[in-house]
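One-letter residues, chain by chain:
Protein chains: 4
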Amino acid sequence: MIPYGSLIVYVTPKGRRHVCRLEEGQAWHSRDGWLPAERIAELDFGSVALTSLGVPVLVQEATLEDRLLHVKRLTQVIYPKDIAYICLRLGAGPGRTILEAGCGSGALTLGLSWFCGPTGKVVSHEAREEFLRLARRNLDWAGLGANVELHHRDIAEGFAQSGADALFLDVRTPWDYLVQASAALRPGATLGFLLPTTDQVGELLLGLEQGPFSIPEVCELFIRRWKSVPGRLRPEDRMTAHTGFLVFCRLQAGAEILAGFRSLGTRERKQEAARLNRS
Amino acid sequence: MIPYGSLIVYVTPKGRRHVCRLEEGQAWHSRDGWLPAERIAELDFGSVALTSLGVPVLVQEATLEDRLLHVKRLTQVIYPKDIAYICLRLGAGPGRTILEAGCGSGALTLGLSWFCGPTGKVVSHEAREEFLRLARRNLDWAGLGANVELHHRDIAEGFAQSGADALFLDVRTPWDYLVQASAALRPGATLGFLLPTTDQVGELLLGLEQGPFSIPEVCELFIRRWKSVPGRLRPEDRMTAHTGFLVFCRLQAGAEILAGFRSLGTRERKQEAARLNRS
Amino acid sequence: MIPYGSLIVYVTPKGRRHVCRLEEGQAWHSRDGWLPAERIAELDFGSVALTSLGVPVLVQEATLEDRLLHVKRLTQVIYPKDIAYICLRLGAGPGRTILEAGCGSGALTLGLSWFCGPTGKVVSHEAREEFLRLARRNLDWAGLGANVELHHRDIAEGFAQSGADALFLDVRTPWDYLVQASAALRPGATLGFLLPTTDQVGELLLGLEQGPFSIPEVCELFIRRWKSVPGRLRPEDRMTAHTGFLVFCRLQAGAEILAGFRSLGTRERKQEAARLNRS
Amino acid sequence: MIPYGSLIVYVTPKGRRHVCRLEEGQAWHSRDGWLPAERIAELDFGSVALTSLGVPVLVQEATLEDRLLHVKRLTQVIYPKDIAYICLRLGAGPGRTILEAGCGSGALTLGLSWFCGPTGKVVSHEAREEFLRLARRNLDWAGLGANVELHHRDIAEGFAQSGADALFLDVRTPWDYLVQASAALRPGATLGFLLPTTDQVGELLLGLEQGPFSIPEVCELFIRRWKSVPGRLRPEDRMTAHTGFLVFCRLQAGAEILAGFRSLGTRERKQEAARLNRS
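Protein chains in written order, with my numbering: chain A, 14 to 292; chain B, 14 to 292; chain C, 14 to 292; chain D, 14 to 292.
No lab work stands behind these hints: they were computed from the structure.
Keep in mind that the hints are not guaranteed to be accurate.
Given that identical chains are not distinguished, each listed pair holds provided it fits within a single copy or across any two copies.
[Unchecked claim] In silico DSS-like pairs for lysine-lysine, Cα to Cα no more than 30 angstroms straight-line:
(1) K134 - K240
(2) K283 - K27
(3) K85 - K240
(4) K85 - K27
(5) K283 - K240
(6) K240 - K27
(7) K134 - K283
(8) K85 - K283
(9) K134 - K27
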């Protein structure tokens with residue numbers, strides 16, 4: 014029995030995937046025919062149903078990845094491979110508070126919302142109203158907006174939350190908002206960035222050098238898919254070669270202190286250590 | 014103020030990272046000197062402390078990635094890039110129940126535990142006792158074992174849980190356990206596999222063809238790190254080129270039904286659809 | 014002054030590249046207008062000419078790569094990145110004799126012909142007549158056939174040359190022709206293979222283990238292109254992810270002798286060595 | 014019979030490769046024992062010989078790749094995968110004249126020399142004397158210097174040859190030498206560059222925009238090796254992730270003409286075309 018309100022993937026014999034919410038009294042329509050919601054509600058996930066045109070269609074529950082891949086988009090969205098790694102590096106999880114700007118079409122927002130759950134919180138910022146509306150619509154569609162605050166706000170004026178556990182910036186000039194970012198985070202928090210060009214990465218690295226940040230890590234992630242034909246196993250002919258450079262670093266509280274210590278000689282530092290550690 | 018019980022990363026000036034729990038009345042010792050817990054407890058995360066030898070050390074909270082990278086290991090552990098993507102593809106998250114076998118050193122177990130949180134559950138199986146002990150130790154060390162069941166069990170006899178949301182097999186011959194896996198999952202659940210060789214992938218694909226599974230996806234993930242030097246931006250000289258092939262598919266309930274439909278003509282299928290959809 | 018008979022690339026303002034031979038009394042025609050050969054013959058390579066429609070077109074000499082990329086094809090051709098590495102590994106160069114089967118559309122044949130030059134020789138074999146004709150046509154078009162023998166021949170019956178310096182097999186079941194290959198090569202010669210699937214690689218490795226071959230090397234080559242926009246440097250969005258697995262090994266003369274030596278004890282081998290080296 | 018003067022690879026049972034020239038009256042010495050030249054000269058390539066210590070050693074002819082991998086080096090040398098692709102893109106081959114600066118340890122010089130052969134010529138420039146000596150020594154050792162001119166020269170003062178077919182610059186600031194490069198090449202010639210950082214690539218692209226060059230191509234090449242174990246086929250664990258960015262473009266003769274045409278209207282260009290093409 015599939016409950017009403019479920020987000021469903023209908024898989025046709027040709028492998029097309031249609032994502033649609035199951036609403037009582039309604040139906041799913043496609044070029045392969047239609048299916049009444051009442052018929053679907055009687056089935057289990059993973060079952061096969063026959064459309065009005067006699068086409069057998071597989072009825073699956075939409076996974077997190079189905080949701081990420083089917084969001085409506087106005088721009089390039091972040092890919093699942095990157096969303097997964099960003100969420101791990103930011104430590105998204107139950108009870109955590111994560112900041113984001115801009116939200117764009119909301120694909121990363123959706124991933125953060127999933128992992129943080131009802132005890133966590135995602136605070137997202139977006140300056141352009143049409144993106145804000147789109148992100149809200151995508152979150153509602155995915156059934157994932159309950160723990161998300163969407164702010165129509167230019168982050169030059171600061172973030173809508175302070176003391177957050179982590180922050181992700183997917184904006185064109187992230188180096189312009191490092192002061193605001195630092196003010197919004199608790200000490201030790203992780204910052205993440207996504208940038209398409211190496212020129213932007215270079216400029217961000219220069220910016221991070223000025224602030225109380227740990228040495229940044231820069232990386233790229235690739236996914237290479239294989240054709241799953243036993244006996245003729247081989248990689249697919251083409252792959253996505255670039256989605257963006259990821260940069261991660263952490264907010265440090267003691268940057269000035271560290272600088273101060275470095276100006277001391279070893280003997281002075283030992284004396285200072287003895288004084289501090291005994292206190 | 015850093016609470017006792019926190020898992021801490023001490024970062025030395027040379028960039029070495031030591032992960033250690035803060036225990037009241039104890040101290041952290043290293044070749045760079047020692048630090049009393051009482052001194053650390055007064056600081057904030059991200060602060061700098063001077064060791065007994067006058068070495069300035071950065072005091073950070075251990076992130077999820079720090080934990081994954083510092084588990085004690087008897088074998089190759091799964092990498093963060095793969096753990097992140099596996100957790101996303103399995104839909105790990107608050108309230109979800111995920112099965113795993115074998116747990117090995119427990120790195121994936123730790124990631125699943127993090128994302129599923131107190132309302133979710135990870136049910137892990139391991140046949141070799143020394144790995145079970147190691148996984149338990151790593152989970153305790155990481156402060157993440159509360160939602161994990163570790164079973165000393167050969168999965169040939171079946172899994173310790175049924176109706177689970179997803180399952181991950183990191184065993185040498187996963188094709189031997191597909192019947193047991195199907196019995197332990199709810200319809201539509203996602204199955205994931207990690208395999209080092211293409212020969213194993215080929216054999217698994219043959220096995221999956223026999224069962225009620227959707228067409229499997231095979232992929233590899235790569236992470237390429239860059240040297241974060243502004244003005245001289247360049248990739249690192251070496252990278253990890255292989256950690257394993259990932260295979261994902263979903264459990265279908267209606268495999269026999271689908272086969273039955275395929276044997277019917279289009280007209281018969283339309284009649285059958287009309288009968289079913291009207292009922 | 015561009016000599017008649019030159020192979021020319023006409024580059025249009027939109028970046029389209031047309032490869033065409035300059036023939037006295039003829040003209041080059043395109044949707045951007047036409048150009049009489051007499052006009053082109055007066056120019057230097059790298060010049061700009063105006064077509065009959067007033068479109069400025071860049072007149073370049075066709076490079077080796079232009080030729081490789083513009084061969085007429087009935088099947089997938091080998092890519093320049095692979096051709097380059099194969100030619101280096103086989104030691105193609107002036108004065109060398111290289112065997113090939115099958116020649117397919119002749120792209121690799123063309124590369125081998127280029128590097129071996131008038132003092133070298135390429136001996137190519139192809140069982141299907143339409144490919145043989147196509148390869149001949151592509152070699153003539155590229156002006157590179159003079160040092161190439163094209164044999165209409167099933168290599169199961171042996172190669173048309175013996176004592177060759179190297180050999181390349183681009184056939185579906187190369188393991189079926191290892192005896193013939195060994196007979197056609199001088200001792201120490203390099204053998205190369207191109208195979209699309211890992212299953213074929215596995216079968217070839219098994220075949221090579223039976224024969225007098227050195228331990229094979231297996232590799233893949235990738236080329237990742239970047240968008241050449243200063244200030245916004247970034248990789249292209251998509252890339253070719255798979256063209257084939259390359260396998261290389263060398264023909265050994267002393268395989269049985271080696272096996273014989275291994276059965277002896279160290280002392281006996283020393284005595285034998287003393288006897289042989291003094292003789 | 015192996016002729017004296019041959020460059021030989023001795024492969025030990027543990028897979029170590031020693032490259033050494035066979036000189037009459039001398040011997041090859043290693044920790045696995047020694048072998049007199051007279052004994053080797055009696056064998057064929059690919060044979061097995063027993064050293065004085067009774068160790069069976071495989072006697073192979075040094076391939077082009079063996080030579081490239083065993084040059085003595087003072088700095089990072091260019092890898093075979095890159096040398097192969099550079100030689101193809103530059104159109105190195107019998108009868109061609111190729112310019113190079115700096116020659117470094119001479120690995121690329123060696124590759125160019127091989128492919129250009131006795132009818133071609135490699136003109137290499139190097140400002141530092143110790144590199145010049147090293148390159149000469151490596152060319153002699155590899156038996157490949159006959160067609161190579163090595164110039165001790167700062168290319169700021171121009172190249173030692175004009176009208177060359179292609180040019181390769183492996184220097185830190187190639188954008189400083191574009192005028193000299195243009196003067197040394199025939200129209201339509203290909204220019205290639207190797208640069209370690211994206212910042213250098215960006216600066217080179219800016220430089221090329223100023224000159225009579227076609228739109229440059231930027232790429233990276235990767236080689237991924239596999240473990241050649243049948244039944245357990247898998248990629249190697251680690252790979253080289255970065256050797257350098259390759260940039261290629263072509264010298265155009267008509268850059269100013271092209272700019273002139275662009276300032277005309279379509280009708281004026283058609284009239285001009287009619288005038289030119291009829292003349």
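Consistency of the hints with the structure:
1. K134 - K240: neither (39 angstroms within a copy, 33 angstroms between copies)
2. K283 - K27: between (72 angstroms within a copy, 18 angstroms between copies)
3. K85 - K240: both (28 angstroms within a copy, 27 angstroms between copies)
4. K85 - K27: within (22 angstroms within a copy, 33 angstroms between copies)
5. K283 - K240: Neither, since 61 angstroms and 33 angstroms both go past 30 angstroms.
6. K240 - K27: Cα proximity of K240 and K27: one copy only (16 angstroms, versus 35 angstroms across).
7. K134 - K283: So K134 and K283 fail the 30 angstroms test inside a copy (43 angstroms) and across (48 angstroms) alike.
8. K85 - K283: neither (59 angstroms within a copy, 33 angstroms between copies)
9. K134 - K27: neither (39 angstroms within a copy, 36 angstroms between copies)
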